[in-house]
Amino acid sequence: ATDCACDTNLSNQLKDRFVMGMSKGKTRSRLFEEDASTVTLDKLINIAIAKEASGKFEENTSKELNIKKEPVFYMDKKKTGTVKQNTKGCKICGGKANHSPEKCRYREYECNICKQKG
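Using my numbering, you'd call the opening residue of the sequence shown number 346 and step up by one each time.
In silico DSBU-like cross-links for lysine-lysine, where the CA-CA straight-line distance does not exceed 30 Å:
(1) Lys-360 x Lys-388
(2) Lys-371 x Lys-360
(3) Lys-401 x Lys-388
(4) Lys-401 x Lys-369
(5) Lys-413 x Lys-401
(6) Lys-414 x Lys-401
(7) Lys-448 x Lys-462
(8) Lys-369 x Lys-396
(9) Lys-441 x Lys-462
(10) Lys-448 x Lys-460
(11) Lys-396 x Lys-371
(12) Lys-441 x Lys-460
(13) Lys-462 x Lys-436
(14) Lys-448 x Lys-436
(15) Lys-401 x Lys-360
(16) Lys-371 x Lys-388
(17) Lys-360 x Lys-396
(18) Lys-460 x Lys-436
(19) Lys-369 x Lys-388
(20) Lys-401 x Lys-371
Listed next, with one range per pair, are the computed distances between beta-carbon atoms:
(21) Pro-416 x Ile-394: 43 to 53 Å
(22) Lys-441 x Phe-418: 39 to 49 Å
(23) Leu-359 x Glu-415: 50 to 60 Å
(24) Phe-418 x Glu-397: 38 to 48 Å
(25) Ser-356 x Glu-397: 19 to 29 Å
(26) Glu-404 x Gln-358: 30 to 40 Å
(27) Gln-461 x Lys-441: 14 to 24 Å
(28) Asn-357 x Ala-398: 25 to 35 Å
(29) Leu-355 x Ile-392: 19 to 29 Å
It should be emphasised that the hints constitute simulated quantities derived from the structure, not laboratory data. Remember, predicted model here, so these are calculated numbers, not experimental data. Don't be surprised by glycine CBs; every beta carbon is placed ideally from N, CA and C.
Between the sequences and the hints, there should be enough to build the whole structure, so can you do that?
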């Protein structure tokens, strides 16, 4: 076949076999975009290799990352502060203080008007 006078015919047949032998997809579509009369077999092979490599890269980067979830053994302790037991305010002092009536400093005081304790 190398001594054949129809060298261009052999070249065209090899290019056709290469392109048609590829599976249908983006790479084959890209090869069809080339001008069949001017493109060489080497150029078709280089285009196919580049297209396949970029497809593999795109496929690998577009996949979701599989992040392995590990159990947590240590966490910083958050300051919990005091728990609001009475959000309406203290009934004894009438203030909006963050304490219960049992802890109010005025619970032992006597009212000047009604003389009632607390």
